[in-house]
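K.L.:
Mind docking chain F on chain Y? Use the hints.
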Amino acid sequence: MTVADALLIALGAVAVGSGALVVLSSHLVRAGLYLVVSLAAIAALYLVLGAELVAWVQVLVYVGAVVVLLLFAVMLTRAPIGASADLDRPAWPAVLVGGGVGLGLAVLLAGAFRWTLYPLPVNGDADRMGEQIFGNWVLPFEVISILLLAALVGAIILSRPDIGATDREEG
Amino acid sequence: MHAVIPYVTAACLFGLGVYGVLRRRNAILVLMSVELMLNAVNLILITADVTTRGRTPYSGAVFALFVIVLAAAEVGVGLAVILQFYRMRRAVVLDEVHLENEPVNR
Numbered sequence: 001m002t003v004a005d006a007l008l009i010a011l012g013a014v015a016v017g018s019g020a021l022v023v024l025s026s027h028l029v030r031a032g033l034y035l036v037v038s039l040a041a042i043a044a045l046y047l048v049l050g051a052e053l054v055a056w057v058q059v060l061v062y063v064g065a066v067v068v069l070l071l072f073a074v075m076l077t078r079a080p081i082g083a084s085a086d087l088d089r090p091a092w093p094a095v096l097v098g099g100g101v102g103l104g105l106a107v108l109l110a111g112a113f114r115w116t117l118y119p120l121p122v123n124g125d126a127d128r129m130g131e132q133i134f135g136n137w138v139l140p141f142e143v144i145s146i147l148l149l150a151a152l153v154g155a156i157i158l159s160r161p162d163i164g165a166t167d168r169e170e171g
Numbered sequence: 172m173h174a175v176i177p178y179v180t181a182a183c184l185f186g187l188g189v190y191g192v193l194r195r196r197n198a199i200l201v202l203m204s205v206e207l208m209l210n211a212v213n214l215i216l217i218t219a220d221v222t223t224r225g226r227t228p229y230s231g232a233v234f235a236l237f238v239i240v241l242a243a244a245e246v247g248v249g250l251a252v253i254l255q256f257y258r259m260r261r262a263v264v265l266d267e268v269h270l271e272n273e274p275v276n277r
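If you read the protein sequences in the order shown, they are chains Y and F.
All the letters of the first sequence, read from the start, carry residue numbers 1 to 171 under this note's numbering.
All the letters of the second sequence, read from the start, carry residue numbers 172 to 277 under this note's numbering.
Just chain Y, same shape as in the assembly:
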């Protein structure tokens, strides 16, 4: 049990605990804020695992942009501020499937990797990651930029009522 192990366990507990609060909370806004805690803990896990660039991109894109977008959507759809009683469906199918998937994956991975000790990785900073992205993975990188452009155009067309989706009665 090293310092890295202790950090991994502590940060993993924070990530799983706040992730559980995201799916269990009856306050919409609180679920979004617990999501921030969970994503930040996962970014810290990336740092411990030696993926420095990915950790900072996670903080920038997820904590900075995605959660803010989600909270904007919560506000734009006039969500109630307090607790709402009608957020959930009946629990048992979700408990069955979700618990089954989680437990099954955990048992599978624990059985596959046992308590094997791995050396701490070399830090994946922007220098080494950039070499890989623009060397081995440059074609997927370009394809993803086209996909981002398509998503941008799609989101604009969807959210403009004059050229986007119209009601069936009108259009």
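Simulated from the structure, these hints should not be mistaken for lab results.
Among the hints, erroneous ones may be present.
What the hints assert, rightly or not - Here are a few chain F residues that face chain Y, going by a calculated C-beta distance under 8 Å:
no.	residue
1	174
2	184
3	189
4	200
5	203
6	210
7	218
8	221
9	232
10	233
11	236
12	255
13	263
To be verified - Rough simulated footprint, nothing fancy, chain F against chain Y, three-plus residues with beta-carbon under 8 Å:
no.	segment
14	10–20
15	28–41
16	50–62
17	67–80
18	86–99
19	135–149
Here a beta-carbon is modelled for each residue, glycine too, at the ideal position from N, C-alpha and C.
P.N.:
This is chain F only, laid out in the frame that chain Y set:
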């Protein structure tokens, strides 16, 4: 470093995400649960990058970056759909989405 700790963490997060997607009725909360699942997959990719240093190092981290970009695009389009639906029907509850042949009461 014992790789089984982040692997089990990722499995638990993925299970929580599946639970949230099946349990929640509010579309925005479903998107949040999807984000949890995507992050679990990213954690598995990064940990696999540590445990298997093959011919191309850091490929797991590069995949994780790509998944983050895809998730950002997914959230943008998904929220556009949700907000457009809210503008048309005044609801974000997934149970009340009318399918093609059902009558629409407005």
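K.L.:
Can you list which hints this structure breaks, lowest number first?
P.N.:
When the structure is compared with the hints, none of them turns out to be violated.
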